[in-house]
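Undergrad: The primary structure of each chain is shown beneath.
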Amino acid sequence: MTFPNPLDVREATASRQGSDRAAPSAKSPVVVEARKLSLVYPTADKPVTALSEVDLTIARGDFVSLIGPSGCGKTTLLRVIADLERPTSGQIAIEGMTPEQARLKRLYGYVFQAPALYPWRTVERNVMLPLEIMGIARAERQARAREQLERVGLSGFERKFPWQLSGGMQQRVSIARALALQPDLLLMDEPFGALDEITRDHLNLHLTQLWRATGKTCVFVTHSIAEAVFLSTRIVVMSPRPGRILDVIDCNSLPRERTLDIRESPEFAAIAHRVREGLKEGHSYDD
Amino acid sequence: MSDLTTDPYRTSLRTAADWGLVAIALPTLAALALPVGVRNGAVLGWFGGTMAPLFLIGVVLAVVAGASAPKRVWGAWAELAGVALAWLLPLHLLNEGLDLSAGWGLWLFLAAATLLLWRVMGVLAGVPGWTRSVIVPGLFGLGLLVGWEVLVRGFQVPAILLPPPSRIAAALAANAPVLWDDFRQTVLTSVLRGYVMGCGAGFLVAILADRVPFLARGLLPLGNLASAIPVVGIAPIMVMWFGFDWQSKAAVIVVMTFFPMLINTLAGLGNSERIQLDLMRSYAAGYGSTLVKLRLPNALPFLFNGLKINSTLALIGAIVAEFFGTPVVGMGFRISTEVARMNLDIVWATIAVAALTGSGLYGALALLERVTTAWHPSMRGR
Ligand SMILES: Nc1ncnc2c1ncn2[C@@H]1O[C@H](COP(=O)(O)OP(=O)(O)OP(=O)(O)O)[C@@H](O)[C@H]1O
Ligand SMILES: [Mg+2]
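Protein chains in written order, with our numbering: chain X, 430 to 716; chain U, 51 to 432.
Chain X extracted, bound-state conformation (with noise of 0.2 Å):
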């Protein structure tokens, strides 16, 4: 497996489109505001409470991770934010609109828990699928879909059906999907959660140089510490039963210019101890 120098990639990046690139003084500097936050699931037997009175506020450029063990609502705030579920109560805004508001201006990008691609279009096809609803001209859309395929390390793949293609790159073409929305908001379920670790490595770089070239905002779910810490500007910690947030860790001690070396880091190390203590407490709350 190939990928080409992230450096290469964000350059690209910058010098593709202007637009693309978050103008912070255009747009208010508030992403997500949730303000007790509550969704209760009606199942047969009892109700089952996935997020309880939930206060969250992602700033615009904010790289934000929830992490917590399973079960706990991330997925379920994630759908919250993307439109996909109704909160039961509590308030939540998307740049100031409602979540319907915002999903009908495709305002973010939403990479899901499995890739869910579409197994009779081909890889490219699948990529260009949000962009043929959007109605932009076909030139474009393949020009685009090519560009984020690139991205994600999939040149020459175009023309393969997604089953033909292992989990983890399924789940790279559902991420270059996303991309090729060019959302300022990217929503993402555990999307390396079916990787190896050296591709995760390439991939989280390459997710942090495009966050840091593109000024896009971040709401990132997975259960790895290392990389929470990593890819975050904010780390989320929540904890099940009811779910709720149990601490939200800075983690600006870190540099906005991330590099793999970090990790050996003093700071690093504090930080994830720091988060690993709280999913000690979520689950210490279990017993």
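Calculated from the structure, these hints are not laboratory results.
All values reported here derive from a predicted model rather than from experimental measurement.
Virtual Cβ for every residue (Gly too), placed ideally from N, Cα, C.
Among the hints, erroneous ones may be present.
Listed next, with one range per pair, are the computed distances between beta-carbon atoms [what the hints assert, rightly or not]:
| id | chain 1 | residue 1 | chain 2 | residue 2 | range |
| --- | --- | --- | --- | --- | --- |
| 1 | U | 179 | X | 686 | 50 to 58 Å |
| 2 | X | 457 | U | 247 | 55 to 63 Å |
| 3 | U | 263 | X | 475 | 25 to 33 Å |
| 4 | U | 331 | X | 681 | 30 to 38 Å |
| 5 | U | 187 | X | 585 | 38 to 46 Å |
| 6 | U | 412 | X | 655 | 55 to 63 Å |
| 7 | U | 263 | X | 644 | 43 to 51 Å |
Since the structure of chain X is already known, use the hints to place chain U with the ligands on it.
TA: Below, chain U with the ligands without anything else, positioned relative to chain X:
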């Protein structure tokens, strides 16, 4: 067939002797002691003056060649030649004027040849590509035809009960112009129009019912009701409503095909996974683009299922409906009038045309399905 590669010295008992062949050879040896037929009241054995010994030698040579072939598949082809030769023997004996009905030696021999064919098919069915998908089913059908021919002629079944295939083929050729007119009336006019209308209506109403939930709830129970109505019940009514010509046949077909298409389309439209739908929702895709870009492609296997079921239903519907009134042409009309005149050869010829048409339609749809849903897990790698 991997014995040769795993055991190059043929040391195991399994490879030293081909027990399958031995099991086939034993009844063959027993058959040699029994008669092959009767001529002018005299019972004839294998060496009673016919060419039977030559056939026997040919078959034995083929089997020996098959057993010593360097590749199991080549061996299978040699054995197939032996099987073909074995089944030609009764035809030769019939030409010689023998009565085969008491020729138990011959029948035992043919039973052994059939076992050999079984072995051959087992090998050929494992060869990917054309061999498996076309030749094996073709050989199977051919085998059935030859068996039918030999058994019917050998046991002198009266043609009025069951004619041999050769006689049906002759009737087909002799009555070709009449049969073509019937085909045009029944298939090209009634079936095609009724099928397109019935399937089209079922599809469109399903799309409507998908948007208007109460329609689906109301129509689905009706579908069960409609599928329980016998054709013979609605056909005379449709003839009264729409007259003798193709319109009444098309109406019967519409009644028969509408609900299967509706039910299959509805099932197909409900076949998309939640995550696939969520993806569309996240793109703010409307009803139309979700339908065209996600739900219809996902429904394709179901649509083809409905279309395939309906292709046979439509043919049956048209033929049966013609029993209740038609202009003096059509396959159903032909069957009903010629049966009454005891003119059974042409009846069988018409049945053959109907069977070929039905499998042709079905095959064409299956081919189309394979092309358009190659991505579906059930079609991949085939
Ligand atoms: N559609 C649903 N209906 C009912 N309950 C649900 C539904 N979706 C999620 N839940 C419940 O809500 C809780 C939170 O689920 P969620 O998917 O948000 O967890 P998660 O943190 O993403 O877990 P994981 O790390 O395993 O993906 C779980 O207890 C789950 O059982
Ligand atoms: Mg989840």
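Undergrad: Each hint should be assessed against the structure and marked as holding or not.
TA: Evaluation of the provided hints:
Under the hint 50 to 58 Å, the C-beta atoms of residue 179(U) and residue 686(X), about 57 Å apart, fit the expected range. For residue 457(X) and residue 247(U), the Cβ-Cβ distance of about 58 Å falls inside the hinted range of 55 to 63 Å, so the restraint holds. Separated by about 28 Å at the C-beta atoms, residue 263(U) and residue 475(X) satisfy the suggested range of 25 to 33 Å. Restraint check, residue 331(U) to residue 681(X): a C-beta distance of roughly 36 Å satisfies the suggested window 30 to 38 Å.
In this structure the hint that residue 187(U) and residue 585(X) lie 38 to 46 Å apart at CB holds, the actual value being about 39 Å. Distance hint check: the CB atoms of residue 412(U) and residue 655(X) are about 58 Å apart, consistent with the given range 55 to 63 Å. Here the CB-CB span from residue 263(U) to residue 644(X) is close to 45 Å, well matched to the stated 43 to 51 Å.
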